[in-house]
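Visitor: Reminder that position 109 of the sequence shown reads as 109 in full-length UniProt numbering, one-by-one numbering, no gaps.
Since the hints were derived computationally from the structure, they do not count as laboratory data. A hint or two may mislead.
To be verified - Pairwise CB distance ranges (calculated): (1) Asp201 with Ser151: 21 to 27 Å; (2) Asp45 with Leu16: 15 to 21 Å; (3) Leu61 with Ser122: 15 to 21 Å; (4) Leu17 with Pro59: 26 to 32 Å; (5) His134 with Arg159: 17 to 23 Å; (6) Ile137 with Arg19: 35 to 41 Å; (7) Ser151 with Leu61: 28 to 34 Å; (8) Ser177 with Ala89: 22 to 28 Å; (9) Arg192 with Lys72: 46 to 52 Å; (10) Asp45 with Gln81: 17 to 23 Å; (11) Arg191 with Arg58: 31 to 37 Å.
As the list claims (entries may be wrong) - Within a straight-line C-alpha distance of at most 20 Å, the following computed DMTMM-like cross-link-like pairs (lysine to aspartate or glutamate) qualify: (12) Lys78 with Glu66; (13) Lys72 with Glu53; (14) Lys78 with Asp45; (15) Lys41 with Glu53; (16) Lys72 with Asp26; (17) Lys41 with Glu10; (18) Lys78 with Glu49; (19) Lys78 with Asp28; (20) Lys41 with Asp28; (21) Lys72 with Glu49; (22) Lys72 with Asp45; (23) Lys78 with Asp67; (24) Lys72 with Asp28; (25) Lys78 with Glu53; (26) Lys41 with Asp26; (27) Lys78 with Asp26.
The beta-carbon is built from N, C-alpha and C at its ideal position, and this holds for glycine as well.
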Amino acid sequence: MGIKDWPAGERPRERLLARGAESLGDADLLAIFLRTGVRGKSAVDLARELLAEFGGLRPLLAAPREDFCRGKGLGEAKYVQLQAVLEMARRYLWEELERGGTIDGPDAAGRYLAARLRDRPSEAFACLFLDGRHRVIACEELFQGTIDGASVHPREVVRRALHHNAAALIVAHNHPSGVADPSAADEAITRRLREALALVDVRLLDHLVVGETVVSLADRGLM
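Using the sequences and the hints, build the whole thing.
Guide: Okay, structure coming up:
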């Protein structure tokens with residue numbers, strides 16, 4: 001029996017409209033994205049099968065193009081659609097960050113930077129440039145590394161801070177392992193960046209490590 005033959009109160013789309021997207025499980029949300037099932041399987045059945053195959057929603061959404069397209073009921077059209085949805089979500093978070101006024105903690109910055117850096121197969125290092133009232137000026141990814149780590153050059157960070165006439169920075173990098181605990185190397189580069197930026201009167205407010213969670217070195221007293 002197809003989803004259209006289900007009672008209205010059980011159909012994912014109708015439940016979303018009646019109760020909100022947050023009321024739906026992962027399989028129901030994915031079924032709405034898929035729109036149709038395959039022969040012998042409803043969209044919800046197919047969604048459950050895909051979640052089991054990929055190991056959950058996040059691994060499915062972060063899967064490389066080739067792996068994603070091999071999934072039953074997926075393909076390049078769905079991959080393109082998904083990438084557009086994910087990019088819209090990142091841009092939504094960026095606009096929320098820009099409209100949010102003064103950044104005085106890691107929460108808003110962490111949400112955006114996590115969406116940007118999480119699930120990368122190798123390390124990337126990003127800088128959030130802020131003005132004197134800690135409002136967002138720009139965000140740039142300055143360094144890319146291997147899965148073992150990224151080489152961060154304080155001189156380049158200082159150069160970009162001066163280019164943007166920034167008064168303060170929040171920096172972030174991801175741990176592809178998913179473990180967000182700062183390493184000794186993370187603490188060392190934080191000290192080097194803070195000292196280099198202080199020479200040009202720019203404050204380093206925080207260093208965020210993005211994994212399955214987001215860890216703030218400032219919150220841990222490591223700044």
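Visitor: Against this structure, judge whether each hint is valid.
Guide: Hint check results:
1. Asp201 with Ser151: 21 to 27 Å: Distance hint for aspartate 201, serine 151 holds at roughly 26 Å.
2. Asp45 with Leu16: 15 to 21 Å: 18 Å, holds
3. Leu61 with Ser122: 15 to 21 Å: 18 Å, holds
4. Leu17 with Pro59: 26 to 32 Å: The hint (26 to 32 Å, Cβ to Cβ) holds, given that leucine 17 and proline 59 are roughly 28 Å apart.
5. His134 with Arg159: 17 to 23 Å: 21 Å, holds
6. Ile137 with Arg19: 35 to 41 Å: 40 Å, holds
7. Ser151 with Leu61: 28 to 34 Å: 29 Å, holds
8. Ser177 with Ala89: 22 to 28 Å: 24 Å, holds
9. Arg192 with Lys72: 46 to 52 Å: 49 Å, holds
10. Asp45 with Gln81: 17 to 23 Å: This hint holds: roughly 20 Å between Cβ atoms.
11. Arg191 with Arg58: 31 to 37 Å: 33 Å, holds
12. Lys78 with Glu66: 12 Å, holds
13. Lys72 with Glu53: 10 Å, holds
14. Lys78 with Asp45: With a Cα-Cα distance of about 17 Å, the restraint between lysine 78 and aspartate 45 holds, given a limit of 20 Å.
15. Lys41 with Glu53: Distance of about 15 Å is within 20 Å: holds.
16. Lys72 with Asp26: 17 Å, holds
17. Lys41 with Glu10: Roughly 16 Å separates the two Cα atoms, so the pair holds.
18. Lys78 with Glu49: Roughly 16 Å separates the two Cα atoms, so the pair holds.
19. Lys78 with Asp28: 17 Å, holds
20. Lys41 with Asp28: 14 Å, holds
21. Lys72 with Glu49: Roughly 9 Å separates the two Cα atoms, so the pair holds.
22. Lys72 with Asp45: 11 Å, holds
23. Lys78 with Asp67: 12 Å, holds
24. Lys72 with Asp28: Cα-Cα ~17 Å, so holds.
25. Lys78 with Glu53: With Cα atoms ~17 Å apart, lysine 78 and glutamate 53 stay inside 20 Å; holds.
26. Lys41 with Asp26: The hint holds at about 17 Å.
27. Lys78 with Asp26: Given that 20 Å is the threshold and the Cα spacing comes to 17 Å, the pair holds.
The structure shown violates none of the earlier numbered hints.
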